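Student: As they're listed, the protein sequences go chains F and E. With this note's numbering applied, the first sequence covers 1 to 491. With this note's numbering applied, the second sequence covers 1 to 490.
One or more hints might be untrue.
[Claimed, not checked] Using C-beta positions, here's what the derived DEER-type ranges look like:
hint, chain 1, residue 1, chain 2, residue 2, range
1, F, Gln297, E, Thr438, 25 to 33 Å
2, F, Gln431, E, Val106, 25 to 33 Å
3, F, Lys29, E, Ile479, 34 to 42 Å
4, E, Thr438, F, Arg421, 44 to 52 Å
5, E, Glu313, F, Pro438, 32 to 40 Å
6, E, Pro234, F, Thr466, 24 to 32 Å
7, F, Cys45, E, Ile479, 23 to 31 Å
8, F, Gln297, E, Leu235, 34 to 42 Å
9, E, Asp345, F, Thr225, 53 to 61 Å
10, E, Glu75, F, Gly361, 24 to 32 Å
[As the list claims (entries may be wrong)] If we take Cβ atoms under 8 Å as the criterion, some of the chain F residues that face chain E in the derived model are:
hint, residue
11, Phe99
12, Pro101
13, Val118
14, Arg133
15, Leu263
16, Val367
[As the list claims (entries may be wrong)] So these bits of chain E aren't anywhere near chain F, every CB distance computed over 10 Å:
hint, residue
17, Leu229
18, Ala304
19, Ala418
Just so you know, the hints here were simulated from the structure itself, not pulled from any lab data. Bear in mind that the values here come from a model prediction, so they are computed numbers and not experimental data. Yeah, the Cβ is synthetic: ideal placement off N, Cα and C, and Gly gets one too.
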Amino acid sequence: MNAAAAPAVAPSPAAGAGAARRVAIVARKELRGALRDGRVLAGACVLLLLGMVALASAGARYANVSRERAVAQALIQEQWTQQGEKNPHSAAHYGIYAFRPALPLSFFDPGVLSYEGVSIWLEAHKRNFAAGRPADDMTALARFGELSLGFVFQALVPLGLLLMAYAAFSSERESGTLRQLLASGVTPAQLFVGKFLGLGGAALLLLAPLLLLCLGVLVVASGTTWLPAALALLVAYAGYGALVLLLALTVSARASTSQAALLVLLAFWAVITFVVPRIAADLGRVLQPTPTLGDFQRGVDADLATGLGRESPAAQVEKRREQLLKLYKVEREQDLPINFQGIVFGIQDEVSNAVYDKHFGILERAVDAQVDVFEAATVLSPRMALAMISQELAGTSLQHQRHFERGAEAFRRRLMDILNRDIAMNSRSGQADYRAGPDLWRNTGEYRFEPEPLRASLARSAAPLTVLVLWLAVLVGASIATTRRLRVLAT
Amino acid sequence: MSAGALDGVSPGAAAGGRERRAPATGARLRQELHLLRREGLAPWALVALTLLLVAAALNGRALLGVQARTAAALEDEAAQTTRALAEQAGRGVATAVSPGVVGYSVLGEPAVLPASPLGALAIGQGDLLPAWYPVTARGPHHFLARSEPENPLRLSIGNFDAAFVIVWLLPLVVIALSFNVVSAERERGVLAVAVAAGASPVGFILGKVAARALVVFGSLWIALLAAALAAGVPLGSAAGLLPLLLWLAGATLYGAFWFALALFVNARPRASDQNASLLAGAWLLLVILLPALTNLAATTVFAAPSRVALTTELREASEAADRAAAASRDKYFFDHPEMQGGDMDRTAYFQSVAQSELSISEAMAPLLAQFDVQARRQQGLVEVLQFLSPGTMTWQSLTALAGSDGARLREFRAQVLAFHARWSGFFRDPLMRGATLTPADYAALPQFAFQEPPLGRTLARALPALAMLLALTLLLGGIALRRLRRFPVA
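Start from the sequences and build out the full structure, keeping to the hints where you can.
Tutor: Right, dumping it as structure tokens:
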């Protein structure tokens, strides 16, 4: 047993300035060493190149998609207002489409966008699924993962950090310089902090061009609206980078050899980055399968036939008819001053809205249960926690898609109300040839997508953020414990 | 560095000494296996691979099980509806004898893609692209865009299936066992001692690699067989056994490639941790980056047409068809003034529906075909670019053999479209003639049965990649051995 515990240096007030100076010296040395290392520079160049490829392809796609969807939404609106004279209920069946606009930060992290429909047909009586998933038109290799900036920063940059830092302590121990360093008066803690700052600073310097380019592209594309979200993203990714670096230094300080440190770190990286997410995602599906389209449709059809309330839809119609006849003091439907069919459509829509709320609710709860399993697994894989935060802040998460779908559905319901009311108020019962014109189509309003405020994304990121902070806290604790009992000599 | 380059044993000496060295090689292999067991790596590899592969296979089977149950329920439902309608048609019930009502609003045929024997081992695109389409007499645009409600987060992460374990994780096992297969011996001085004791350095190293390969491939074969059983692969039939054997061959070749690469990296005098970094980098490049870049290239060069534009085109086509239908309705009432103010008769109504559907379908067909054209071009490019990466090659071959690649699913869609033409014609023709349906017609309804593409076509997609893997393995291994012959031992 030739591993000796490091001499415990009691911190004295006079040593404060000296400590800071020693940390700075170590940091400067590590920074210079990293920036002079050809392998580090080569790795950084590869990362920058991949980042540029990801940025260029995602930027082009973003520009393309946002133009295309804006044009399509305008075209659909034009088709709507120019549909000519029609019975409003025919117009309701014709319907309108809602397109999900591309949000600027999707160029950074596309999240689940490739696996979500981009348009919803808003028609009478029916809530449709979003259609047109981009992934359906990609090659099967898309399932290997898309090369995005988010992926570069979630998977590749951490690998670079590990490779930079795995030997930080172990190689100094193997070559005997660790003993010399400590003998010169640097404490293990100062050494640790210095190495952390030096290597972290080097990584930041090397990645700065790519980060600045991303921020520049964002500001040029969308002004400063998304800057707060981008800065929040930056903080989250910096936190993850710090976590990885802490882990690498701690493992390096504890491992018996550089080789052992590297193996442990590489295995950890591969498992948390690629293996745990897949297992967690599929485990969720096994535990709580999503209903099939067939189940969904059968459930909807059955409930539409009977209604969800105590009264059947037919009974509700009958009751309303009685009420109206009494109100207007007439005997027959034809004598009402309104078109009762408009009221019937309204009742049918109330029934179908409740049914669709119920069944979309079942579907969403099943997906939520799967996401819960995934979220629980972030405890094992901080990379998954980062991915969830990143999707939220970039506006490309599952919840952002739901926000789009709910907004579109709310618009559909308002639209149908307007059309049903128009039939009821402007025609008489039995008047099948009633036609409305452009005035009505112009007054139904336009579908507009409103992105969620940043605080909604932040609120939803609370759980993964907590996990990330906990990981950081544990690693800070572990690194303190490691520096207290640093092995100085190689075995 | 005291010891200079060491010449390998000359070929003549090797040939002459084979008889005498044979038992020594066997003993060395046994000794290596013993060492591996002592390090705990061999059992670890076996257990990890088996657990992962079996879990992945069970996961794949669960997914296919849901699909199979869904398909069975749908077919059952359609058969019941058909029986009821046939019975009603026998009694002359008006809705059951009307080809318009039945074809355009009541009856549909679920066209189902049967699970392929190895489907549970590689899910591929199977959870993304539909495994069944509800075909009705209405236009294909009604059913082509359908998809199962899914968790997009799960889809975006990818499947945990046996193909994933092989393509992504098997190399990591190989790397963990062999990244220092030469460098560690050199660092510990064992190689110099062994050579001094009369061993050939190449033979010594090959013995170490062989022991590791034996452990990995032995584990892999046992694990894959267990996974095949767990996945319910029909081992008794040629349709199950042949692809499974090719799977074993593909996985083994892929593993062999990684051994060859590890040996190649070890054939230069480098420190073990540098070897590990290099191999990790190679894994990242070959298994993660190149497939992603290949997909990016294929979808950029042959971008799919816009689904958004398709939506607006569909709307234009529907509007045009509606206007035509309104015109024909006006004509109908002009021809039948006695019906003015009432509903059109049922046949006339459905004739106009059929006409609308036909004209929308005709307008949409070239646009929809464009998606297929681009998908084929993308696939063509991927089949060329796959040779850049053994990861892509292996994955392509494994999913092709499992029948869950895009090609089989697109073939399914093409067959469904052909079936749809027969199905809709079956109702449209009598509808346009003004004829009615009889129970005999119900007995003669077109049935969908997927025709598996010939095995030759699947093999043509899988075998070149496997051959390339073999060539790469031999090339890398050969270069590595040549270099090892002139390798400093200390």
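Student: Which of the numbered hints are not met once you compare them with the structure shown?
Tutor: Going through the list in order, the structure violates hints 5, 6, 12, 18 and respects the others.
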